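Engineer: Line order of the protein sequences matches chains H and D.
The numbering used here applies: residue 4 is where the first sequence begins, and numbers increase by one.
The numbering used here applies: residue 4 is where the second sequence begins, and numbers increase by one.
Be aware that one or more of the hints could be misleading.
The list cannot tell twin chains apart, which means a pair is met if one copy fits it or any two copies do.
Unchecked claim - DMTMM-like, lysine to aspartate or glutamate: derived pairs with alpha carbons at most 20 angstroms apart:
id, residue 1, residue 2
1, LYS224, GLU261
2, LYS312, ASP277
3, LYS242, GLU219
4, LYS224, ASP105
5, LYS224, GLU234
Treat the hints as calculated values from the structure; they're not laboratory data.
Quantities reported herein were computed from a predicted structural model and do not represent experimental measurements.
2 protein chains.
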Amino acid sequence: MRIDKVLEGDIRSAARLMRDLDDRVPSAIEELKALYPHTGNGYIIGITGNPGAGKSTLVDSLISVYRNASLRVGVVCVDPTSPFSGGAILGDRIRMQRHASDSGVFIRSLATRGQLGGLSRSTFDVASVLDAMGFDRIIIETVGVGQDEIEVMKTAYTSVVVTVPGLGDDIQAIKAGILEIADVLVVNKADREGADRAVRDLFHMLDLRGGVGRQEVEIVKCIATLGTREESGIADVAKAIDSHRGRMGQQEDARRKERAKAHIAELVRGMLADRADATLRAQGGLDGLADGVVRGEQDPYTAAESVLKSL
Amino acid sequence: MRIDKVLEGDIRSAARLMRDLDDRVPSAIEELKALYPHTGNGYIIGITGNPGAGKSTLVDSLISVYRNASLRVGVVCVDPTSPFSGGAILGDRIRMQRHASDSGVFIRSLATRGQLGGLSRSTFDVASVLDAMGFDRIIIETVGVGQDEIEVMKTAYTSVVVTVPGLGDDIQAIKAGILEIADVLVVNKADREGADRAVRDLFHMLDLRGGVGRQEVEIVKCIATLGTREESGIADVAKAIDSHRGRMGQQEDARRKERAKAHIAELVRGMLADRADATLRAQGGLDGLADGVVRGEQDPYTAAESVLKSL
Chain H
4 MRIDKVLEGD
14 IRSAARLMRD
24 LDDRVPSAIE
34 ELKALYPHTG
44 NGYIIGITGN
54 PGAGKSTLVD
64 SLISVYRNAS
74 LRVGVVCVDP
84 TSPFSGGAIL
94 GDRIRMQRHA
104 SDSGVFIRSL
114 ATRGQLGGLS
124 RSTFDVASVL
134 DAMGFDRIII
144 ETVGVGQDEI
154 EVMKTAYTSV
164 VVTVPGLGDD
174 IQAIKAGILE
184 IADVLVVNKA
194 DREGADRAVR
204 DLFHMLDLRG
214 GVGRQEVEIV
224 KCIATLGTRE
234 ESGIADVAKA
244 IDSHRGRMGQ
254 QEDARRKERA
264 KAHIAELVRG
274 MLADRADATL
284 RAQGGLDGLA
294 DGVVRGEQDP
304 YTAAESVLKS
314 L
Chain D
4 MRIDKVLEGD
14 IRSAARLMRD
24 LDDRVPSAIE
34 ELKALYPHTG
44 NGYIIGITGN
54 PGAGKSTLVD
64 SLISVYRNAS
74 LRVGVVCVDP
84 TSPFSGGAIL
94 GDRIRMQRHA
104 SDSGVFIRSL
114 ATRGQLGGLS
124 RSTFDVASVL
134 DAMGFDRIII
144 ETVGVGQDEI
154 EVMKTAYTSV
164 VVTVPGLGDD
174 IQAIKAGILE
184 IADVLVVNKA
194 DREGADRAVR
204 DLFHMLDLRG
214 GVGRQEVEIV
224 KCIATLGTRE
234 ESGIADVAKA
244 IDSHRGRMGQ
254 QEDARRKERA
264 KAHIAELVRG
274 MLADRADATL
284 RAQGGLDGLA
294 DGVVRGEQDP
304 YTAAESVLKS
314 L
């Protein structure tokens, strides 16, 4: 049985299962259901932040910290920005090269398949498989900071938001709602000018943030540099993640419940979308309806309602 | 009738209609259907790019160019990054101040209501209302470059992607799949070091891009600075947009058809999601199912299937 091999940690079986899950092969979904009782031991960490903040390098450095503590690490790199040319494949090859031959590390890239929301579903799936395989830490890394990435962060128990000095003078940087989901804030490239100002700005923004007070969010400075001598502060990032985990205490159950709700909702949305796609395919797609809209014979709302009626 | 007032260009009626559409008030959707035959004359331009690329300033400058040509301009600022604290309100107040008192300019901000994909639907709605109101140019501006923003760009006939010098050495910048939807590429802040290198990098990336050749995408350098003497190249950006419109020629029908397909698909997804939400509310939400998942009595897939069966 393939799931026995997956539970033993067999990489090739796991990779094939993940691919089948991506393709929504029904038997693979049954296998995932069977794996599910074996999940819940891996600790899932989300890492997100602005492009250029050095997230991949930080993840690479965190892997080293965890490996030095003999923890097995699974990584999911989530890239919703390249729906057309499979950008995630490039990422797989370039990033985290030095861990490629370490059997205690498993890195998997996920690109969107052009379907909104499908990415969170795939992330939940891959994280569950890695969890069942016995990885101690599962890192979910996103490429950017869009709404999709915020959804993806719901798969994590601790969310780390990475930023860099020098973005503080930009309205868009302040507006990044991603801050609102942070459990740990990291100022990377902290040897750059403006690092202390960035920390101050973040403290100020946390003050403005309603609900959760700043005392519950740690701000950590670091320099992630693929293990060169200049590297510093990575152990502090790992410690801040552990501290958040500790602080959660009994709240961890509430978090797990929120996560389960997000996962079920995501699956329901996905199943509905699959159903809609199947119906549209059976009807020969949207070409006829779209032609009617372009010719001005019908408005898009009426067209959509006619699709829904046929479901 | 409210729609008569909207067709006459009455701002307050239009703003109320947009709010009702956001709230999915059924009568407002009927009004939108009635407005639809009056759309198709406004030219819809999408503007997207990395946070910090100066998109808002560029939009502000473009408004001036169009206003000088006596064209009426509607602007939709789309911000999917702040689902919790309504960040778009801040944007409304700070940005584009100097056009606030010009009756030939109407600026509307859109933030996500926490529902994936809902943002594209709202953008289509608001753009349709602005179009029916008789605005000659409708600019859709996004805050970031995520998958959501790529979806939002499907509402536009011409997509402008804005970047700045100095991002070229970053893998994430290269991976930004947003490049693949560009009709016009703008290098803003072109007085910065590395502007020519940025243009070269973009040419190179266009070469790598399959399908559409680089000859079909214009790259324009500019400096957008809220109308100070240092400003330059904004007219070139407007010209590149017009050129793309001209080049489209007969292809414009194909583009309108693709747009209609995207709109209908978006509406179908939204209607399905609404239906799922209503069912979940009627069942008292996902709490019971999530508890079962956390206690390990059920896997999320089986839980989701039980929701779907009850639809």
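Engineer: Checked against the structure, which of the hints given earlier come out wrong?
Structural biologist: Numbers 1 and 4 - these are the hints that the structure violates, sorted from lowest upward.
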